[in-house]
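Novice: Listed here are the chains, written in short residue letters.
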Amino acid sequence: MSHPTDPLFGIHARALDVWQRRAEAIAGNLANADTPDYKARDVDFRKVLAQAGAQDAPLQLAAPSPGQIGGAGDTTNGNIPLEWRVPMQPSMDGNTVDTQAEQAAYAANSVHYQATLTFITAQIQMLRTAITGGSSS
Amino acid sequence: MSMFKIFDVAGSGMAAQSLRLNTTASNLANANSVASSPDKAYRAREPLFAAMHADAMAGGGDGGNASDAAVGVQVTGITTSQAAIPSHYEPGNPMADAQGYVYGSNVNPIDELVNMISASRSYQNDVEVMQSAKQLMLKTLDLGK
Chain Y
1 MSHPTDPLFG IHARALDVWQ RRAEAIAGNL ANADTPDYKA RDVDFRKVLA QAGAQDAPLQ
61 LAAPSPGQIG GAGDTTNGNI PLEWRVPMQP SMDGNTVDTQ AEQAAYAANS VHYQATLTFI
121 TAQIQMLRTA ITGGSSS
Chain A
138 MSMFKIFDVA GSGMAAQSLR LNTTASNLAN ANSVASSPDK AYRAREPLFA AMHADAMAGG
198 GDGGNASDAA VGVQVTGITT SQAAIPSHYE PGNPMADAQG YVYGSNVNPI DELVNMISAS
258 RSYQNDVEVM QSAKQLMLKT LDLGK
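Top line first, the protein sequences correspond to chains Y and A. Under the working numbering, the first residue of the first sequence carries the number 1, and numbering increases by one thereafter. Under the working numbering, the first residue of the second sequence carries the number 138, and numbering increases by one thereafter.
Please note that the accuracy of each hint is not assured.
Residues from chain Y that face chain A, not an exhaustive set, calculated with beta carbons under 8 Å [unchecked claim]:
| hint | residue |
| --- | --- |
| 1 | Gln-103 |
| 2 | Tyr-106 |
| 3 | Ile-124 |
Don't read these hints as lab results, they were simulated from the structure. Here a beta-carbon is modelled for each residue, glycine too, at the ideal position from N, C-alpha and C.
Using the sequences and the accompanying hints, generate a full structural model.
Specialist: This is the structure in C-alpha cells:
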C-alpha cells in the first residue's frame with residue numbers, strides 16, 4: 001500500500017494493512033474451527049512493527065522466492081508474515097483453533113483497526129485545518 | 138482491498154456448517170428408518186472438512202503476492218458411518234426379511250445433537266465475523282469525514 005513511513009499518514013497507513021491481514025487470518029481460523037488438522041495462524045504485530053522500522057537499514061539479505069530464509073524481510077507490499085499459534089488445549093483431531101481466544105483476538109483486532117482509522121481521520125482533519133486556515137469547510 | 142477475502146472465508150465456513158446441519162437433520166430424520174437388509178439400511182452421514190488455501194479460492198491473491206492468510210473451508214466429501222447396523226426381530230413388519238428381522242439405522246442421536254450444537258455455534262461465529270468486517274469496511278469508507 002505504501003512506504004512504512006508514509007509522508008502523509010506516518011505508520012498508520014501501514015498499520016491498517018497489518019490489522020486487515022490479521023483480521024483475515026483470524027477469520028480463517030474461526031471458519032476452520034472444526035477442520036481436522038488445521039493449525040491456527042496469527043500475525044505478530046510487534047515483529048511486523050520491528051520489520052517496518054528496520055526497513056531503512058542498509059544491505060538487507062534478499063529472499064527472492066517465497067519460503068526462503070531471508071533478512072528482516074520486505075514488508076512493503078502486503079508481505080506480512082504469519083506465525084503459528086501455540087495451542088492452549090490441543091485437541092484430538094490436530095486442530096489448534098481455540099474459538100474463544102480467536103473471538104477475543106478478532107474483537108481486539110477490530111478495535112485496533114478502528115483506532116488506526118481514527119488516527120488517520122485526525123491527520124486528515126489536521127491537514128484540512130491547515131489548508132482552510134481554521135475556517136470550517 | 139483484501140478485506141473482501143474475509144467474506145469469502147466466512148462464507149465458505151457458513152456453507153460448510155450449513156451442510157453439516159443438513160447431514161445432521163438427515164441423520165436425525167432417519168434415526169428410526171428400517172430396511173429389509175443391512176446393505177439398504179440407512180447409515181449416518183458426516184461431512185469431511187478440509188482447509189482451502191487462498192490460491193484455490195475465488196479472487197486469488199492480491200498483486201501476485203499469494204497471501205496465505207485467507208484460509209476458507211471446503212467440504213471434500215460426505216462419509217457414511219461404518220458402525221454396526223442393528224437388527225430387530227419384528228416378524229409383523231412388512232419390511233422384515235425371511236427370518237423376520239428388520240435392519241435399523243446406525244445413527245447415534247446423541248452424537249447428532251452434539252454435532253448440531255457445534256455446527257450452529259460455528260455458523261454464528263462466522264456470521265459475527267462477517268458483520269464485524271462489514272462494519273469496519275463501512276467505517277473505512279467514511280474515512281476523513
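Novice: Given Y:Tyr-106 was flagged as interface, is its beta-carbon under 8 Å from a beta-carbon of chain A?
Specialist: holds, 6 Å
Novice: Does the interface hint hold: is Y:Gln-103 within less than 8 Å of chain A, judged Cβ to Cβ?
Specialist: Cβ of Y:Gln-103 sits 7 Å from chain A, so the hint holds.
Novice: Against chain A, run the beta carbon of Y:Ile-124 and see if the smallest gap drops under 8 Å.
Specialist: holds, 4 Å
Going down the numbered hints, you'll see the structure goes against none, and every one checks out.
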